[in-house]
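S.K.: Listed in order, the protein sequences are those of chains A and B.
The end of the first sequence is residue 342 by UniProt numbering, with every number in the run present.
The end of the second sequence is residue 342 by UniProt numbering, with every number in the run present.
Rather than coming from a laboratory, the hints here were simulated on the basis of the structure.
Please note that a few of the clues may not be correct.
A pair counts as met if it fits within one copy or between any two copies, since identical chains are not told apart.
Calculated lysine to aspartate or glutamate pairs in the DMTMM-like style (CA-CA distance at most 20 Å, straight line) [to be verified]:
id	residue 1	residue 2
1	LYS60	ASP22
2	LYS201	GLU227
3	LYS290	GLU183
4	LYS144	ASP280
5	LYS60	ASP339
6	LYS201	ASP115
7	LYS300	GLU189
8	LYS33	GLU189
9	LYS212	ASP195
10	LYS206	GLU255
11	LYS113	GLU325
12	LYS316	GLU250
13	LYS25	ASP36
14	LYS210	GLU287
15	LYS290	GLU227
16	LYS294	GLU211
17	LYS297	GLU203
18	LYS60	ASP215
Listed here are the chains, written in short residue letters.
There are 2 protein chains.
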Amino acid sequence: MINRTNREFLLVSRPKGIPTDDNFKLQTNQVPKVNDGEVLVQTIYLSVDPYMRGRMNGVKTYTSPFELNQVLTGGVVGRIIESKHDKFKVGDIVEGRLNWADYSVTSGKGLRKVDPNLAPISTALGVVGMPGLTAYFGLLDIGKPKAGETVVVSGAAGAVGTVVGQIAKIHGCRVVGIAGSDEKNTYLEKELGFDATINYKTENVKASLKEKCPDGIDIYFDNVGGEISDAVMSLLNFQARIAVCGIISEYNNTEPSFGPRIQRYLLNRSALMKAYIVGDYYERFDEGYKQLGKWVKEGKLTYRENIVNGLENAPKAFTGLFRGENIGKQLVRVRNENDEII
Amino acid sequence: MINRTNREFLLVSRPKGIPTDDNFKLQTNQVPKVNDGEVLVQTIYLSVDPYMRGRMNGVKTYTSPFELNQVLTGGVVGRIIESKHDKFKVGDIVEGRLNWADYSVTSGKGLRKVDPNLAPISTALGVVGMPGLTAYFGLLDIGKPKAGETVVVSGAAGAVGTVVGQIAKIHGCRVVGIAGSDEKNTYLEKELGFDATINYKTENVKASLKEKCPDGIDIYFDNVGGEISDAVMSLLNFQARIAVCGIISEYNNTEPSFGPRIQRYLLNRSALMKAYIVGDYYERFDEGYKQLGKWVKEGKLTYRENIVNGLENAPKAFTGLFRGENIGKQLVRVRNENDEII
Numbered sequence: 001m002i003n004r005t006n007r008e009f010l011l012v013s014r015p016k017g018i019p020t021d022d023n024f025k026l027q028t029n030q031v032p033k034v035n036d037g038e039v040l041v042q043t044i045y046l047s048v049d050p051y052m053r054g055r056m057n058g059v060k061t062y063t064s065p066f067e068l069n070q071v072l073t074g075g076v077v078g079r080i081i082e083s084k085h086d087k088f089k090v091g092d093i094v095e096g097r098l099n100w101a102d103y104s105v106t107s108g109k110g111l112r113k114v115d116p117n118l119a120p121i122s123t124a125l126g127v128v129g130m131p132g133l134t135a136y137f138g139l140l141d142i143g144k145p146k147a148g149e150t151v152v153v154s155g156a157a158g159a160v161g162t163v164v165g166q167i168a169k170i171h172g173c174r175v176v177g178i179a180g181s182d183e184k185n186t187y188l189e190k191e192l193g194f195d196a197t198i199n200y201k202t203e204n205v206k207a208s209l210k211e212k213c214p215d216g217i218d219i220y221f222d223n224v225g226g227e228i229s230d231a232v233m234s235l236l237n238f239q240a241r242i243a244v245c246g247i248i249s250e251y252n253n254t255e256p257s258f259g260p261r262i263q264r265y266l267l268n269r270s271a272l273m274k275a276y277i278v279g280d281y282y283e284r285f286d287e288g289y290k291q292l293g294k295w296v297k298e299g300k301l302t303y304r305e306n307i308v309n310g311l312e313n314a315p316k317a318f319t320g321l322f323r324g325e326n327i328g329k330q331l332v333r334v335r336n337e338n339d340e341i342i
Numbered sequence: 001m002i003n004r005t006n007r008e009f010l011l012v013s014r015p016k017g018i019p020t021d022d023n024f025k026l027q028t029n030q031v032p033k034v035n036d037g038e039v040l041v042q043t044i045y046l047s048v049d050p051y052m053r054g055r056m057n058g059v060k061t062y063t064s065p066f067e068l069n070q071v072l073t074g075g076v077v078g079r080i081i082e083s084k085h086d087k088f089k090v091g092d093i094v095e096g097r098l099n100w101a102d103y104s105v106t107s108g109k110g111l112r113k114v115d116p117n118l119a120p121i122s123t124a125l126g127v128v129g130m131p132g133l134t135a136y137f138g139l140l141d142i143g144k145p146k147a148g149e150t151v152v153v154s155g156a157a158g159a160v161g162t163v164v165g166q167i168a169k170i171h172g173c174r175v176v177g178i179a180g181s182d183e184k185n186t187y188l189e190k191e192l193g194f195d196a197t198i199n200y201k202t203e204n205v206k207a208s209l210k211e212k213c214p215d216g217i218d219i220y221f222d223n224v225g226g227e228i229s230d231a232v233m234s235l236l237n238f239q240a241r242i243a244v245c246g247i248i249s250e251y252n253n254t255e256p257s258f259g260p261r262i263q264r265y266l267l268n269r270s271a272l273m274k275a276y277i278v279g280d281y282y283e284r285f286d287e288g289y290k291q292l293g294k295w296v297k298e299g300k301l302t303y304r305e306n307i308v309n310g311l312e313n314a315p316k317a318f319t320g321l322f323r324g325e326n327i328g329k330q331l332v333r334v335r336n337e338n339d340e341i342i
């Protein structure tokens, strides 16, 4: 057995606001022994996702919080380099919730094989991974888009928003994206086919929405919460649907945020608001992976990745999400895909 | 043809806050001639309902606003005293949206025959009328109650809330009502079988909810909005459903009200919030009338009415809704049911 060292990131204190370096600690350990029924996965890509911020507070929400002084976990694409598990063999590419580390030992529970011939393996953390599924189920199951309807997406240039907008276009909708830079918005309009975009940092969102949604808003796919979502409310159409996917503008708040109560707006339009997490659709993941993969193959769904190199830069990549640094999926490349197995 | 005089209430100015006497004017007119295809209805009961407050503002919401200097309209139970319509004959008891007046001439559109042998005719404005249907569809279609779940109802002692609580009990739920007096709450517990109640005027609603909903809240049926609804949010269970039926605490506000943004709470529990008006279920009204009538007949659904006598007192009865004066359905008796037809 090879004696490998393993760098791993611990959460050592609870962040207040946007996390800082001293909330994290990179420590070096031996890779644990692989027992019967387990596999050893070598990390290739690490995913950083906004929902992880919630888990860094010491509060139970829809998931349990990260424990202090334990290794952080998140989406990982990696390679099996040792297997004592019937279903996995050395060389398999897999995706699962594993450690922020060079290596993870796992029972294989929740581990998914990724076919490197279908699409680049990094997409298993993005467009054909959790963010893609999140977009797919939220838009289709809650939003129920119909051709000709107006769909507004906030956080439009992120891993989820980019997929939401494109699926809405596939369904014949008019799509208006809200994002935080002209560069993002140019990408959304020129490369992804969004019909219109709003830069929330330089425009009056409410006025721009009014101008860019002349027929009102039928579906609002919400990744951000806060004032941007407030601005949507008075433009909802009758029987509008709001999918609440995330509130990235609020994850770093230490106090609840206040805004105009929304019941009045929902009531005036018989509107629906449904919050969800992708795990609510666990039983339908296969359907989602299949359809997303098909659209990618057909060229109907394109994507962009923002890649930071080096495990040591994972916290920086993570906090970049809250500074709006990424277009598309934010990843950390822990090692090159084609490096030899060590 | 008899020459009848007709008292009718006009809205002569837009209320600010709770309406006052000078927003209304009672004028006397001749009863209009009944043309072919029309009927003349003599008002017996007039319904006053919270939603009418919204129509008194000059703003289009889910319905068009009341026009200034026009006769107000609302739910009426009355008797046909002249008919040039194939489907209605003199003596028929009917329910429909008619004038706040002694008499209304109508084409019969939206007019429903009421069988006085099935239940007291006043119930066509309450438990087997619009408020009953509102409770029925909101609780069953949005709330989807399952036996053993906890249902919280605000505005619990009103025309809608009393029916919501009883239907929830029929479905085997634990029901907690929020109302504004001990007298109301005693009625809810002793006569309607609510499991627990909260007096929002004397109790800390959030603390009481926590105590009285030890298993959390699966369904929140919201008639009131505002701070009471804020208090519910942190107690929602996974996949909780909120039916937004009304916001009586806010109808008289001149400015939007502010509170903690709720997306965070919905997201932590994958919760649903759906607003509606009863008209959204128009196609299913017959089903609702039938089931409500059956429950009333079986004694599973009981009701109370709060009756003010005299058309001239209609504005007072209406504004009483916002002072919490009624237990059960608030009605105005314009004439006695058994008076001879004049």
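S.K.: Pop the pair LYS25 and ASP36 into one bin, within, between, both or neither, using alpha-carbon distances up to 20 Å.
M.R.: So LYS25 and ASP36 fail the 20 Å test inside a copy (30 Å) and across (86 Å) alike.
S.K.: What label fits LYS316 with GLU250 when the C-alpha limit is 20 Å: within, between, both, or neither?
M.R.: within (19 Å within a copy, 45 Å between copies)
S.K.: Can you give me the call for LYS201 and GLU227, within, between, both or neither, at a CA distance of at most 20 Å?
M.R.: Classified as within; 12 Å inside a copy, 32 Å across copies.
S.K.: My question is about LYS300 and GLU189: at a cut-off of 20 Å on alpha-carbon distance, are they close within one copy, between copies, both, or neither?
M.R.: So LYS300 and GLU189 pass the 20 Å test inside one copy only (15 Å; across, 59 Å).
S.K.: At most 20 Å between alpha carbons: which applies to LYS290 and GLU227, within, between, both or neither?
M.R.: neither (36 Å within a copy, 45 Å between copies)
S.K.: Since the copies are identical, ignore which copy is meant and state whether LYS113 and GLU325 lie within 20 Å (CA to CA) inside a copy, between copies, both or neither.
M.R.: Result: close neither inside a copy nor across copies, 30 Å intra and 65 Å inter.
S.K.: Is it within, between, both or neither when you check LYS206 against GLU255 at 20 Å Cα-Cα?
M.R.: between (25 Å within a copy, 18 Å between copies)
S.K.: What label fits LYS210 with GLU287 when the C-alpha limit is 20 Å: within, between, both, or neither?
M.R.: Intra 36 Å, inter 40 Å, cutoff 20 Å: neither.
S.K.: My question is about LYS60 and ASP339: at a cut-off of 20 Å on alpha-carbon distance, are they close within one copy, between copies, both, or neither?
M.R.: neither (39 Å within a copy, 65 Å between copies)
S.K.: Give the relationship of LYS290 and GLU183 under a CA distance limit of 20 Å: within one copy only, between copies only, both, or neither.
M.R.: Intra 31 Å, inter 59 Å, cutoff 20 Å: neither.
S.K.: Within a copy, between copies, both or neither: where do LYS297 and GLU203 come within 20 Å Cα-Cα?
M.R.: neither (36 Å within a copy, 60 Å between copies)
S.K.: Should LYS212 paired with ASP195 be assigned to within, between, both, or neither, using CA atoms and 20 Å as the limit?
M.R.: Within one copy, since 9 Å is at most 20 Å while 50 Å is not.
Hints 1, 3, 5, 6, 8, 11, 13, 14, 15, 16, 17, counting from the list given before, are not met by this structure.
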